[in-house]
Amino acid sequence: MKKILVACGSGIATSTVARAALEELMADKGIGADKVSFTQTSIPQIPSMANEYDLIVTTARYTEDVGVPVVNGLPFLTNIGEDAVVDKIITLLGFDN
Amino acid sequence: MKLIDSQYLFTHQHFANRDEALTALASALTQGGRVKDSYQKAIFDREAIFPTGLPTGKIGVAIPHADSQHVNQSTIAVATLNHPVTFQNMGDPDSTVDVSIIIMLAIAEPKGQITMLQKLMSIVQNQEHLDQLLHYDQISALQTDLEQTFAGIQLA
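Protein sequence lines, in the order shown, are assigned to chains Z and E.
The first sequence begins at 1 in our numbering and counts up one residue at a time.
The second sequence begins at 1 in our numbering and counts up one residue at a time.
FYI, nobody ran anything at the bench for these hints, they're computed from the structure.
In this text, all values refer to a predicted model and were calculated from it rather than measured experimentally.
This list has only true hints and no planted wrong ones.
With the C-beta cut set under 10 Å, the calculated list includes, among others, these residues of chain Z facing chain E:
{"no.": "1", "residue": "G9"}
{"no.": "2", "residue": "I12"}
{"no.": "3", "residue": "T14"}
{"no.": "4", "residue": "V17"}
{"no.": "5", "residue": "A20"}
{"no.": "6", "residue": "A60"}
{"no.": "7", "residue": "N72"}
{"no.": "8", "residue": "P75"}
{"no.": "9", "residue": "L77"}
{"no.": "10", "residue": "T78"}
Sample of chain Z residues at the chain E side, in silico, Cβ under 10 Å:
{"no.": "11", "residue": "S10"}
{"no.": "12", "residue": "I43"}
{"no.": "13", "residue": "T58"}
{"no.": "14", "residue": "T59"}
{"no.": "15", "residue": "I80"}
Think of the CB as a built atom: it goes at the ideal place given N, C-alpha and C, for glycine as much as any other residue.
Starting from the given sequences, assemble the full structure and let the hints guide the process.
Put into structure tokens, the structure is as follows:
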């Protein structure tokens, strides 16, 4: 089970949208709830939570090194380039092997 | 109380800049009692740290919002602009977005907003729909469109 942390400014609004989109897009590619779990948080909470997750998706820019790959999830809000981001996430999590 | 109310919809607006636009929408919500006096400052504070401009394509959109503690009644305030104003890009605050449609969210119930946000994003992701919204002259036409788009959504 891989664990993805989805974060936005408040942990409520845009992370909800990004999470829903990512969940659906990954399920479409055969990576469902049995293989990946999602948790939402706010960006200020990332450093204290990062080490429990395999990957972090943020809707706002986040450049801190927290020892876990961080992916910009803005495409899940704009719908522009979201396929490329999903593929990147799948690769980073090792699901493409 | 309706999520979409003509009192908080504005078409063909002229704003000199982002701050003027944010102030106009937040003041309308404050005066109408939909949000608390603290809302406007919260909108500005939030925009400074986590900007809300979305690079959606030719027609840029911003979705300023604040925590629910500043809100009395869930409301979506919308302004369509004749001339875009500049917002910082949510995904990259060093770049900017020319915003023609501002959708200001006042959400009283954090858990109630998921469906609303998904509907909202379906608008934001659809340039044709955005173009349509931008060209309504009458507030009533904008209101009808938004009411249909958000039909069935119940918020506190």
